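Undergrad: Chain by chain, the residues:
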Amino acid sequence: MNWRRIWALNLRQLFVMRRSFARVTDLFYWPLIDLFFFGFLSLYLGRGEGAPALAGLLLGALILWDIFFRVQQGISVSFLMELWTRNFVNLFVTPITVREFLLAMMLWGVVKILITATLMTALALLLYGFNLFTLGLTLVPLIIGLIVFAWAVGTIITAIILRYGQSAETLAWSLAFLFQPFGAVFFPLSVYPEWLVRPLLLLPLPHLFEAMRAVLSGRPLPVDHLAWAFILDAAYLAAAFAFFGYMFSLARGQGLLLKVQE
Amino acid sequence: MVWDDTVIEVTNLTKVFNGTRAVDRVSFRVPRGERLGFLGPNGAGKTTTIAMLLGLIAPTEGTIRILGHPMPDGREAVLAHVNFSSPYVALPYDLTVRENLIVFGHLYDVRGLQRKLQDLAGLFGVAPVLDRRTGRLSSGEIARVNLVKAFLNDPQILFLDEPTAALDPEAADTVRGLLLRLREERGLTLFYTSHNMREVERLSSRIIFLHHGRIIADAPAEQIVREYEKTDLEEFFVALARSRAEGGA
Numbered sequence: 036m037n038w039r040r041i042w043a044l045n046l047r048q049l050f051v052m053r054r055s056f057a058r059v060t061d062l063f064y065w066p067l068i069d070l071f072f073f074g075f076l077s078l079y080l081g082r083g084e085g086a087p088a089l090a091g092l093l094l095g096a097l098i099l100w101d102i103f104f105r106v107q108q109g110i111s112v113s114f115l116m117e118l119w120t121r122n123f124v125n126l127f128v129t130p131i132t133v134r135e136f137l138l139a140m141m142l143w144g145v146v147k148i149l150i151t152a153t154l155m156t157a158l159a160l161l162l163y164g165f166n167l168f169t170l171g172l173t174l175v176p177l178i179i180g181l182i183v184f185a186w187a188v189g190t191i192i193t194a195i196i197l198r199y200g201q202s203a204e205t206l207a208w209s210l211a212f213l214f215q216p217f218g219a220v221f222f223p224l225s226v227y228p229e230w231l232v233r234p235l236l237l238l239p240l241p242h243l244f245e246a247m248r249a250v251l252s253g254r255p256l257p258v259d260h261l262a263w264a265f266i267l268d269a270a271y272l273a274a275a276f277a278f279f280g281y282m283f284s285l286a287r288g289q290g291l292l293l294k295v296q297e
Numbered sequence: 004m005v006w007d008d009t010v011i012e013v014t015n016l017t018k019v020f021n022g023t024r025a026v027d028r029v030s031f032r033v034p035r036g037e038r039l040g041f042l043g044p045n046g047a048g049k050t051t052t053i054a055m056l057l058g059l060i061a062p063t064e065g066t067i068r069i070l071g072h073p074m075p076d077g078r079e080a081v082l083a084h085v086n087f088s089s090p091y092v093a094l095p096y097d098l099t100v101r102e103n104l105i106v107f108g109h110l111y112d113v114r115g116l117q118r119k120l121q122d123l124a125g126l127f128g129v130a131p132v133l134d135r136r137t138g139r140l141s142s143g144e145i146a147r148v149n150l151v152k153a154f155l156n157d158p159q160i161l162f163l164d165e166p167t168a169a170l171d172p173e174a175a176d177t178v179r180g181l182l183l184r185l186r187e188e189r190g191l192t193l194f195y196t197s198h199n200m201r202e203v204e205r206l207s208s209r210i211i212f213l214h215h216g217r218i219i220a221d222a223p224a225e226q227i228v229r230e231y232e233k234t235d236l237e238e239f240f241v242a243l244a245r246s247r248a249e250g251g252a
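Which chain is which? The protein sequence lines are A and B, in order.
Residues in the first sequence are numbered consecutively from 36, following this note's numbering.
Residues in the second sequence are numbered consecutively from 4, following this note's numbering.
Simulated from the structure, these hints should not be mistaken for lab results.
All values derive from a computational prediction rather than experimental measurement.
Ideal placement from N, C-alpha and C gives every residue a C-beta, glycine not left out.
Among the hints, a few may not be true.
Said to hold, decoys possible - Facing chain A, according to a computed beta carbon distance under 7 Å, are these residues of chain B, among others:
#	residue
1	Gly46
2	Leu59
3	Glu64
4	Leu82
5	Pro90
6	Tyr91
7	Glu102
8	Val106
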């Protein structure tokens, strides 16, 4: 593993960020729109009896959801950028390895979300009086769990784009939203029909968001949910890497590495 | 096998795409310091062969060894000492020239990057555009910036795909002169494609001609011209391309 090559890819993203309005918009505009929408919705819901807790749950879920979505998008978009700027061939005639390339994209996703989540957390506290840090140390494993699953989903999307080209790029923006209604993000697992709960528990998201709701509601951290989330995260990440490796070798065999940026 | 002399060894290299043999049992050796022109009509298999040499395409059959390492398995070791330039493979347009070269300098783990960047920018005449956005350069400037990128890691082998295609005659002549000088000074091996036969005659010490994925000639330019009873390389190339269009070999 050569860290200088990993740094090079992140430096490239920083250079782009410095002057690209679209990339800055990615970081701030949509997350803030979400925050304002859910913030005011929370204020409205907070008027009822016992509702302030519900409002906090919504804002907490929004910030954690954004961590998942932005990290996944960070990976997929940084890959797409190499295709849009027709830089893919240039990159893969340097000694960079597939592992370094993936790791660089994963780290960039984390850098982006550190900036966005910090801003969202601060604004949620200032504007709506919601303090995410009431989750205390629980916040750390929850965030790690979300980031790892986002890495897995981002890697799988990237592998599909590598194989099917830019016609598949819409997945970069859309696939994560498939998990929103089925990830128990804004509502508890008990809302779903009974037959659906078991399959949904094969995703890490319901475990992580159930854990968040438990802690924000003053209950102890459900360690079993957290443990399941991490076991599933590890399985999905390993599967994602294997899938990417398979797609990369397929693309290399079929000459797609030359064509993917066209 | 004497690896201090042979830098590229290709044996029975074959690539089949959907039943079509794009490259068909190609074998050749390239000694250190050679100036090899890799030629052929469009669709002859040049790009596929170069892509296999660079590890971008996996061969269907056959073996490649570059600087003693097998490809694509040894790509990390090989690509650190090899570089590639093509006017058809652009550097990211949204970065300045300097930013692009810094990124690639890190990717190639170049020591003393700033100094090297200044030296090469001066050598290839791109110092005045270092802080300009790459997307705003002329095609000639882009070609020269690509060459700066190609020399960043002091390559032992340089793969060039039509290196002067985007340049005016004077700039092309300057670049050819520079390439020959740098090859002489550094013992560099040049492996290039071009459709400019006068350029090929000037740059190459040996030519490999591909046709329908197979090598049909492998000799110095003057020998090929003599053997095929042509007046020059251009006439040989045209005759070959026309025979292909007519379905001949």
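Undergrad: Each hint needs a verdict: does it hold in this structure or not?
TA: A quick look at each hint next to the structure:
no.	hint	verdict
1	Gly46	violated (13 Å)
2	Leu59	holds (5 Å)
3	Glu64	violated (12 Å)
4	Leu82	holds (4 Å)
5	Pro90	violated (12 Å)
6	Tyr91	violated (9 Å)
7	Glu102	holds (4 Å)
8	Val106	holds (5 Å)
This entry does not satisfy hints 1, 3, 5, 6, going by the numbered hints stated previously.
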